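Peer 1: Sequence:
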Amino acid sequence: IHAESFHPNMCFLFSLHSQRWIAVDSSMSHQCYLAVDVKRLNNSLLRWFREGVAAALGVPAGRVHINRLNEKKNGIELFVSSDRLGISEPRPAEEVIQSLNIGVLHRHLGHFGITEVSTEKNVLQGEQRDHVWNREGFYAVVLFFTIFVIVITCLMVLYRLKEKVQISDRQLKAPPPDFHLTPTVPPDSVQRSKGIKISPFIFLLFFPSLHFLTFPSFPSRRGSNVSLVLDMSALGSVEPLNVAVVTPREAAAREYLLCAGRPLTRLQLQDVVNNTHKLHAEFAEIPMNFIDPKELDIPNHGTKNRYKTILPNPHSRVILKSKSCNDLLSSYINANYIRGYLGHEKAFIATQGPMVNTVNDFWQMAWQEESPVIVMITKLKEKNEKCVLYWPEKRGIYGKVEVLVNSIRECEHYTTRSLTLKCGNQTRMLQHYWYTSWPDHKTPDSAMPLLQLMADVETDRRSSAAMGPVIVHCSAGIGRTGCFIATTIGCQQLQLEGVVDVLSITCRLRADRGGMIQTGEQYEFVHHALSLYETRLSAETGQ
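In this text, residue positions in the sequence shown follow the working numbering: the first is 1, and each later residue adds one.
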């Protein structure tokens, strides 16, 4: 955003993601002065920025120099050096622009939202400085901050009262970058281009009309006439203002979950199950992708979680329909939509075992999502409570949903209940599978019962009139639940493609709900189950 009215010698620009105003100026020296909010920019972000600039310029990170200044100057200094004939010297701004690889810059620093790179003529004479404060300016600033605090407080109160959370499944895809270079400096002045200067004015975001206030600027050396402007507004997907800055580690984890994979042929699958050390090492590399509780902006949501550290990832969580827009807690359930084979958005719902105070929510979800099958893979109590008895013996009413038990079929490893759900004048049929043969804190000795359960569930799902997701839960909704869903997807992939990629399947599961397939032993068990399924499949096809 170019706002010349703010100051005759500065260009202002804004990063929606980092929530900072940045003014760019230049200097005669080779150094680049970046005045930023030192308290906000930690060492990880500085290192990330430095590595991104270095990658975009195609130079080692060691040639991009960043030094933190003292907090009174509130900034850092930076310059890019070249190595010519063994002599390290700074590079001019024009050369930096020409060397900048736009695609690489976007890939490494996409979270900063960079959209434009251009040069801007900007001549300062001598050690010129603005007058910083006067009495009227001081009173104006005090009044401004008072009004600012009052307005923000009011907005937060209104936000809490009126906000209605409606988050749908989405896969963020960055639009094509609108990235261009706009040289505006005569060639003769480019030779004297040496530096960059950036300073923050966060409060101008809220009250841009207060241009009569004068603000301090950092000293510039005589003869400077070129500045490198990075306009940060909308390159890629611009996140809302309340989204936290993604750290390099988090970005790397997301990239791994999106890209990792190791397809196994039927022969390779048989071999890998005998190499448990390799499987456990591979499993240890997969990011868990658990979320910070602060990412769920729902008051008192902890009362509806069985385990305080296992929470639904926000982008894929199930949201219950609620009549009250202000009661966010009534729309909350610890459950996530899980993508199925070939990326079907809502093939499954992974959720925790119902608690006493969430049974009604559970049945509301089953009705709302038109689920044909519920799969329960836990006992009610093992070493401690894993789940409450959430279905009736014959008939029960849970909130607005009435549940009737039509029949019960006992098998060796699981029990099947045929249920009728009623809500208002509508009725639906639903099958409930309760698998009880999974030992506590272990994996089953045989994968055959799990494969039989999977086959029965698939048969009921395909024959059911309801087309919603299959609800799967254990206690936390990530371990055994993850094993069942991963095995189901893997069997479908083996049947249709003749190969299976358990690593990629696990990564996709964790992208939708953190921690899916909880232990290395469970990861190994999924491979064993798929190996057994492949053996049966080969026998059926005569291979």
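Wrong hints could be hidden among the right ones.
Claimed, not checked - In silico DMTMM-like cross-links for lysine to aspartate or glutamate, where the CA-CA straight-line distance does not exceed 20 Å: (1) K379 to E412; (2) K422 to D445; (3) K323 to E282; (4) K162 to D297.
Unchecked claim - Restraint ranges, calculated between C-beta atoms of paired labels, are given here: (5) C411 to M467: 41 to 49 Å; (6) V157 to V104: 25 to 33 Å; (7) F144 to M467: 24 to 32 Å; (8) P248 to E295: 12 to 20 Å.
Derived from the structure by calculation, the hints contain no laboratory data.
Predicted model only: the values in this text are computed from it and were never measured.
Think of the CB as a built atom: it goes at the ideal place given N, C-alpha and C, for glycine as much as any other residue.
Peer 1: Can you confirm whether the C-alpha distance between K162 and D297 stays at or below 20 Å?
Peer 2: holds (14 Å)
Peer 1: Sort out whether E282 lies within 20 Å of K323, counting only the CA atoms.
Peer 2: Violated, because 46 Å separates the two Cα atoms, which is more than 20 Å.
Peer 1: Within a Cα-Cα threshold of 20 Å, do K422 and D445 meet the stated pairing?
Peer 2: violated (39 Å)
Peer 1: Given the range 41 to 49 Å, decide if the beta-carbon distance of C411 to M467 lies inside it.
Peer 2: violated (26 Å)
Peer 1: Given the hint of 24 to 32 Å, is the C-beta distance from F144 to M467 inside that range or not?
Peer 2: violated (56 Å)
Peer 1: Given the hint that K379 pairs with E412, does the C-alpha gap stay at or below 20 Å?
Peer 2: Holds: K379 and E412 sit about 15 Å apart, inside 20 Å.
Peer 1: Looking only at beta-carbon atoms, does the pair P248, E295 fall within the given range of 12 to 20 Å?
Peer 2: holds (18 Å)
Peer 1: Would you say the C-beta atoms of V157 and V104 sit inside 25 to 33 Å of each other?
Peer 2: Once the Cβ atoms are compared, 44 Å apart, the range 25 to 33 Å for V104 and V157 is violated.
Hint check: violations occur at hints 2, 3, 5, 6 and 7; the rest are consistent with the structure.
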